[in-house]
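**Q** Spelled out, the chains give:
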Amino acid sequence: EAGVVQSPRYKIIEKKQPVAFWCNPISGHNTLYWYLQNLGQGPELLIRYENEEAVDDSQLPKDRFSAERLKGVDSTLKIQPAELGDSAVYLCASSLVPPNNQPQHFGDGTRLSIL
Amino acid sequence: AQTVTQSQPEMSVQEAETVTLSCTYDTSESDYYLFWYKQPPSRQMILVIRQEAYKQQNATENRFSVNFQKAAKSFSLKISDSQLGDAAMYFCAFYNTDKLIFGTGTRLQVFP
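Line by line, the protein sequences give chains A and B.
With positions in the first sequence counted from 1, the corresponding number in the working numbering is that position plus 19.
With positions in the second sequence counted from 1, the corresponding number in the working numbering is that position plus 475.
Here chain A stands alone, though its shape is the one from the complex (with noise of 0.2 angstroms):
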């Protein structure tokens, strides 16, 4: 099966400017995480999805932060604008429901680095 598929892998841009990124998990995979991952920490959830509803964004810094998954399979985190401290990996990853046994399945993550 495919796996999660996230782009772009790279995005470099200059503090205040917007930036998005995408997300697709694997196919029946109805749950969706956004993680943020600093250099040298475990990765920290932003946000979860189960189908379109986002049933915990409780870490999400949503004065700059949102995130949407229209029809409950693809979906996108921006950011607007961009500070320097938002400088990491993100990682989106999937796992079919229930998710409290099912193993999150990652993709390769975006790397932000702003100037």
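What the hints contain is simulated information worked out from the structure, not anything from laboratory work.
Relax, there's no trap hidden among the hints.
Pairwise CB distance ranges, derived in the manner of DEER restraints: (1) B:Thr572 x A:Asn70: 12 to 20 angstroms; (2) A:Gln99 x B:Ala547: 44 to 52 angstroms; (3) A:Ser26 x B:Gln544: 40 to 48 angstroms.
Cβ atoms here follow ideal geometry from the backbone N, Cα and C, with glycine treated the same way.
Based on these hints, arrange chain B on the given structure of chain A.
**A** For chain B alone, kept in the frame of chain A given last:
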């Protein structure tokens, strides 16, 4: 709140030898899941092994096995017959209800 601690930032092992990576966690829950994920440089995170807390038997996947000590809240990963391809960051993760919580990772180097 649940926390996951990996106290070894870096480990190294000779090819064909055995290495153990440590992980401890803190939770008040009795039902949960534990995972080890591998993240090679610039590549995606891959599930290595999974342990259900209600199972007393330690999980095993080929050369990878865990030592799960529920009372001590310890979940170590043993890699036997280490191979060059095992070099990566290894993350221990705790799952309960709806959130996967990762440790800070251990970088494993494998020397020929």
